[in-house]
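Chains as they are written, first to last, in this note's numbering: chain A, 1 to 242; chain B, 1 to 242; chain C, 1 to 242; chain D, 1 to 242; chain E, 1 to 242; chain F, 1 to 242.
Careful: at least some of the hints might be erroneous.
Each pair may be met inside one copy or between any two copies, as identical chains are not told apart.
With a straight-line cut-off of 25 Å between C-alpha atoms, the simulated SDA-like cross-links for lysine to any residue are [what the hints assert, rightly or not]:
1) Lys154 <-> Gln206
2) Lys154 <-> Ser90
3) Lys110 <-> Asp84
4) Lys154 <-> Asp84
5) Lys110 <-> Arg81
6) Lys154 <-> Arg115
7) Lys154 <-> Ser76
8) Lys110 <-> Arg20
9) Lys154 <-> Gln15
If you're looking for bench data, these hints aren't it; they were derived computationally from the structure.
There are 6 protein chains.
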Amino acid sequence: MNIDLIRADGRRWDQARSVRITPGCQPFAEGSAMIEMGNTTVLCAASVEEQVPRWMQGRGSGWVTAEYDMLPRATSSRRSRDRDSGRTASRSQEIQRLIGRSLRAATDLKALGERAVYLDCDVLQADGGTRTAAITGAFVALQLALESLVSAQKLDSIPLVCSIAAISVGLSNDNLLLDLDYSEDSTADADFNIVMTDAGSVVEFQGTAEGNPFPRQRVGEVLSLAARGLEPLFAAQRAALG
Amino acid sequence: MNIDLIRADGRRWDQARSVRITPGCQPFAEGSAMIEMGNTTVLCAASVEEQVPRWMQGRGSGWVTAEYDMLPRATSSRRSRDRDSGRTASRSQEIQRLIGRSLRAATDLKALGERAVYLDCDVLQADGGTRTAAITGAFVALQLALESLVSAQKLDSIPLVCSIAAISVGLSNDNLLLDLDYSEDSTADADFNIVMTDAGSVVEFQGTAEGNPFPRQRVGEVLSLAARGLEPLFAAQRAALG
Amino acid sequence: MNIDLIRADGRRWDQARSVRITPGCQPFAEGSAMIEMGNTTVLCAASVEEQVPRWMQGRGSGWVTAEYDMLPRATSSRRSRDRDSGRTASRSQEIQRLIGRSLRAATDLKALGERAVYLDCDVLQADGGTRTAAITGAFVALQLALESLVSAQKLDSIPLVCSIAAISVGLSNDNLLLDLDYSEDSTADADFNIVMTDAGSVVEFQGTAEGNPFPRQRVGEVLSLAARGLEPLFAAQRAALG
Amino acid sequence: MNIDLIRADGRRWDQARSVRITPGCQPFAEGSAMIEMGNTTVLCAASVEEQVPRWMQGRGSGWVTAEYDMLPRATSSRRSRDRDSGRTASRSQEIQRLIGRSLRAATDLKALGERAVYLDCDVLQADGGTRTAAITGAFVALQLALESLVSAQKLDSIPLVCSIAAISVGLSNDNLLLDLDYSEDSTADADFNIVMTDAGSVVEFQGTAEGNPFPRQRVGEVLSLAARGLEPLFAAQRAALG
Amino acid sequence: MNIDLIRADGRRWDQARSVRITPGCQPFAEGSAMIEMGNTTVLCAASVEEQVPRWMQGRGSGWVTAEYDMLPRATSSRRSRDRDSGRTASRSQEIQRLIGRSLRAATDLKALGERAVYLDCDVLQADGGTRTAAITGAFVALQLALESLVSAQKLDSIPLVCSIAAISVGLSNDNLLLDLDYSEDSTADADFNIVMTDAGSVVEFQGTAEGNPFPRQRVGEVLSLAARGLEPLFAAQRAALG
Amino acid sequence: MNIDLIRADGRRWDQARSVRITPGCQPFAEGSAMIEMGNTTVLCAASVEEQVPRWMQGRGSGWVTAEYDMLPRATSSRRSRDRDSGRTASRSQEIQRLIGRSLRAATDLKALGERAVYLDCDVLQADGGTRTAAITGAFVALQLALESLVSAQKLDSIPLVCSIAAISVGLSNDNLLLDLDYSEDSTADADFNIVMTDAGSVVEFQGTAEGNPFPRQRVGEVLSLAARGLEPLFAAQRAALG
């Protein structure tokens with residue numbers, strides 16, 4: 001591994017892109033946040049509904065779920081809208097399931113009570129890392145929505161058990177790279193998406209080697225790099241949440 | 001008609017909301033513009049494809065068409081995504097057909113040659129007048145995309161025959177109101193959407209009386225008011241286009 | 001403008017095609033009417049349901065809505081059925097929204113009570129002007145259905161506030177033409193669809209210039225021509241309604 | 001079996017409803033016919049396309065197929081359109097497969113050459129026996145379309161090997177009944193649909209006992225009754241075909 | 001007719017393929033059976049639900065229905081899954097309607113009470129005769145599920161009025177052939193599917209001549225051959241049901 | 001962690017369920033295998049097509065992809081078929097993307113040439129671990145299909161770079177458990193799916209904590225346990241492949 005490596009956009013191997021989180025950008029929503037990481041921009045809105053989906057009713061527990069989509073021209077060539085085919089792209093399905101699971105892990109669903117929070121994560125601009133940016137931004141939108149429930153005296157306290165944020169790591173020619181952009185992602189041998197709590201525990205870890213299988217030993221390094229890389233993201237979340 | 005009327009947001013009867021057009025907000029697109037009119041925000045992206053749809057091929061003529069959608073939380077309550085039902089909402093269909101027809105009227109399709117421009121109009125925030133804002137903003141995105149074709153020496157000159165912009169007028173208790181916001185729109189007796197050229201000709205005119213039929217004579221007044229109301233929009237387009 | 005113009009089928013510029021309205025042609029329906037205008041034939045059926053759609057329930061108000069479709073061989077070449085694509089053609093969506101809005105403007109929805117009337121407008125033969133013929137015919141079907149509610153003592157009086165009918169006008173080489181047939185419609189510079197009450201007020205007015213933008217001044221002439229052209233249609237409605 | 005039986009509408013057990021076949025009712029189609037049997041009305045249109053479906057190409061053989069649908073208010077209560085669910089009703093699927101198979105059995109597909117005929121059978125009014133009426137009417141539309149190919153000198157002779165027509169028989173309280181109307185159909189123990197050639201051979205025979213299984217011996221009687229009952233239908237076809 | 005005919009797989013004209021019915025192969029289902037007839041294999045599962053579909057509620061009667069599908073590679077070339085097109089193949093629709101009707105004819109729906117049995121018939125391997133095998137196998141799954149209701153003391157006795165089984169017959173060069181395999185089926189002049197009770201009555205009879213119309217007289221012979229051919233299937237059912 | 005733990009079905013914490021792989025069970029397919037792990041049964045079929053999907057054409061490279069589905073009664077209560085909703089369940093989407101990625105990692109796509117292999121993984125019985133069983137079984141089907149290409153002299157050698165197999169690990173009350181069955185899976189704090197090569201490298205690793213975030217340190221133990229647990233699966237693959 002070459003620790004002197006300089007990446008195409010000038011970053012070091014262990015350097016994430018600059019992050020900016022703007023809260024309240026969709027004012028009709030109970031909570032919202034725009035997250036920008038480099039050239040990736042995701043708009044996250046949290047909507048509270050005062051009932052859970054039918055299959056959850058009567059359990060005394062709440063629900064948190066997510067939807068993920070991209071504007072047609074978020075990418076370098078235009079992709080058609082899912083509504084034309086009548087089905088959510090399978091990549092989007094996979095991503096929104098990941099976002100939903102991650103946010104549920106951060107939430108005390110019992111304390112939320114029988115209400116649901118829907119997180120809409122819409123990518124305005126895509127340059128790699130949209131799923132991890134969506135998780136990091138959606139957490140802010142979720143907390144803002146939950147704070148609004150406390151302000152409205154529907155809840156006594158914010159039903160969150162931890163903060164979560166997410167980042168990607170790539171393995172390319174035996175080098176680990178933090179926070180891949182699109183061009184890095186499309187040439188990596190393996191890529192990893194890591195969702196962690198602010199206490200450093202793992203909520204979700206996915207590693208995929210479409211190119212080359214990777215040795216088990218690399219997994220520990222990946223997790224350490226991710227943990228360090230998530231620090232500025234947790235800081236940006238705290239700043240956005242005031 | 002009461003010309004001293006002051007509207008809920010402080011505007012006079014013949015006063016449009018302030019407008020801001022930001023070009024280039026989706027940099028991957030050949031042309032793009034964000035338009036804000038009051039609390040309505042629409043992101044417009046123009047994508048050029050070097051072939052026309054199959055049914056147009058071989059005519060030596062180009063095509064311009066539009067798609068319109070809203071983010072789920074652009075509105076005060078969340079609406080589900082069209083992809084879930086597998087069909088574009090009929091309101092969106094009607095609107096995107098209007099946008100497409102209007103932009104085609106501004107374009108010299110023969111001079112465009114056998115290529116197509118797709119205008120994606122996505123509403124980030126909706127407070128009335130989204131369809132007229134989309135037309136005004138999409139024209140900027142379209143011109144920027146056409147300019148990029150000239151820059152790339154694919155075209156000798158910009159194949160536009162005029163500038164177009166659009167605005168709404170309402171009829172409420174016998175008062176005309178320019179540029180309705182959402183609360184005005186939902187209580188008007190009749191509402192009108194007018195698309196005009198910068199020379200004051202009409203490209204599209206739609207008047208609808210779900211409440212009360214209106215006298216034929218009002219149509220002339222509506223058109224005059226719209227013509228005056230469009231002036232700042234044409235100015236904003238020119239500013240955005242540099 | 002050339003007022004001596006003779007059109008391809010022998011009509012003068014301000015002459016509509018002959019109209020025939022046959023009531024009761026679908027006897028299972030609460031109201032029905034077949035309308036023929038030249039070679040355009042539309043079958044209109046009104047179905048009463050004793051409840052409104054879910055989103056309208058509890059408001060003490062009724063609902064009137066329309067569906068529009070064509071038989072596959074109503075046109076000179078066969079078009080496939082919407083059921084194959086799983087989505088209503090966007091042109092049909094736009095048209096059925098127009099029909100529904102127009103009929104609602106003629107109806108006292110409060111007096112109708114919490115029931116719904118569905119107008120099915122199916123084009124058996126299409127030679128231009130199907131949307132305006134559908135409105136004119138559907139009004140007859142609607143009134144017949146409402147009369148059946150009075151006969152059944154579910155209503156005290158017919159909850160209509162006016163009669164409505166519709167007609168098209170075209171602008172072609174600076175000539176106005178009343179009631180375009182298909183070949184005229186496909187070459188017009190601009191076309192207008194006008195829905196009016198029998199008192200001469202406007203319910204819906206749509207003008208579209210896919211070819212050339214038109215001067216504001218023409219709009220007044222269009223409305224006057226339409227008002228005169230609608231007289232025989234209102235007469236045919238009255239005859240059909242006995 | 002009670003041969004003195006008088007049916008609700010006055011018919012004898014072995015008496016079909018009166019039939020009327022009107023050719024040419026959809027003049028844009030290459031062939032068309034409206035068939036009325038009692039209160040059942042079906043509009044049949046034949047469309048010729050100068051190529052076969054992709055899976056048939058290159059075999060030097062033609063194709064004949066059918067689509068079947070009902071207007072929403074053909075029946076005593078309104079049924080929603082298939083396009084809303086995005087799928088053809090399974091009953092319609094079954095019926096249109098039957099119509100297509102039957103017409104193919106009457107056609108010399110080799111002699112037709114690599115072209116396809118689509119038969120659209122749309123029920124305007126339904127009072128039992130729509131599938132058999134559709135077959136009888138569609139045969140007329142098919143022959144007219146094939147005659148048009150001969151007139152256009154695309155074919156030397158009409159590529160039909162026989163005439164076909166269809167009728168239903170019911171078994172009710174051990175009585176056979178020819179040509180069931182809707183009320184008879186819904187109470188029969190078993191019902192049969194028979195498609196035959198004018199020479200008395202069987203093209204398709206379907207017998208269904210949702211109520212009570214029937215003895216094998218009845219099948220012969222059913223076929224004899226159907227053969228006699230089809231005679232006036234073949235006569236009506238010949239009259240319509242001039 | 002040549003009674004000395006030996007078929008490609010060595011069978012006589014009136015000889016069915018060997019049959020094997022394995023009960024209980026899907027242990028989570030209330031009843032299940034795998035049926036193998038030659039190289040055709042169908043997995044049949046019966047699921048009991050303690051309510052009927054909405055449109056049947058309140059009649060005091062039960063419901064039995066079926067679904068039919070094939071694994072993509074049940075056939076010699078792969079066919080895509082119905083879920084991709086969002087619609088059940090019309091052939092499957094036709095077949096599952098036949099299976100459902102046949103099983104309802106064997107069931108005392110009143111005695112079943114307001115509950116529903118769903119029969120899932122999934123073809124693992126297809127070599128002709130899948131619809132008849134599905135009926136024969138589904139009857140075993142149905143009876144096992146009904147027995148489980150008796151065991152659970154939800155019913156006093158098994159609400160079946162008869163046993164049913166099904167088999168095909170083909171007509172090929174004027175020879176009758178019992179139980180067609182795929183290659184025989186694709187070249188037959190006419191083919192018949194017969195569903196009978198163990199008492200020899202007919203539940204469903206379908207005869208189709210896509211090739212050549214057949215004389216009425218053959219129908220009696222077809223039914224006799226089917227009746228004999230069904231004997232080993234009823235025996236296999238009894239063995240499977242212990 | 002309690003290494004003396006005995007699980008509900010008698011297994012030790014580090015003991016997988018018994019596995020059986022039956023090759024050739026769908027003889028029409030180019031390769032097939034049935035895999036049983038405890039009460040989980042998955043039928044895997046590999047279909048070779050001599051062209052790649054359109055978006056891959058012209059790259060000189062092959063494609064391997066997978067589809068995953070369950071029979072309606074594979075589970076303890078019946079689930080409806082995806083074809084009814086017209087969309088693949090999002091869980092199935094996620095799983096089939098995992099299967100496809102994993103098998104591509106084992107394949108030399110360049111050496112495969114411009115042809116595609118489709119792996120159909122259909123769950124006949126589901127008791128946890130269906131996705132991992134599908135991967136293990138699909139690898140056998142894939143290799144058999146590739147061997148058939150070598151036998152047919154379309155390829156010189158089998159284009160596989162390694163063997164792969166998959167297994168799950170759970171974390172429950174701080175205990176690791178190998179190869180979860182359904183009841184264990186639904187109560188685990190975290191679960192992991194691991195796809196490895198026979199050389200012990202990682203192809204895919206997914207860890208999910210819907211219950212409780214887990215410490216980074218556990219990941220190493222999980223991978224070691226999985227590596228040991230995969231040994232009997234690789235042995236069963238080798239046995240099935242002869």
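- Query: Looking back at the hints listed earlier, which ones does the structure fail to meet?
  - Reply: 1, 2, 3, 4, 5, 8 and 9
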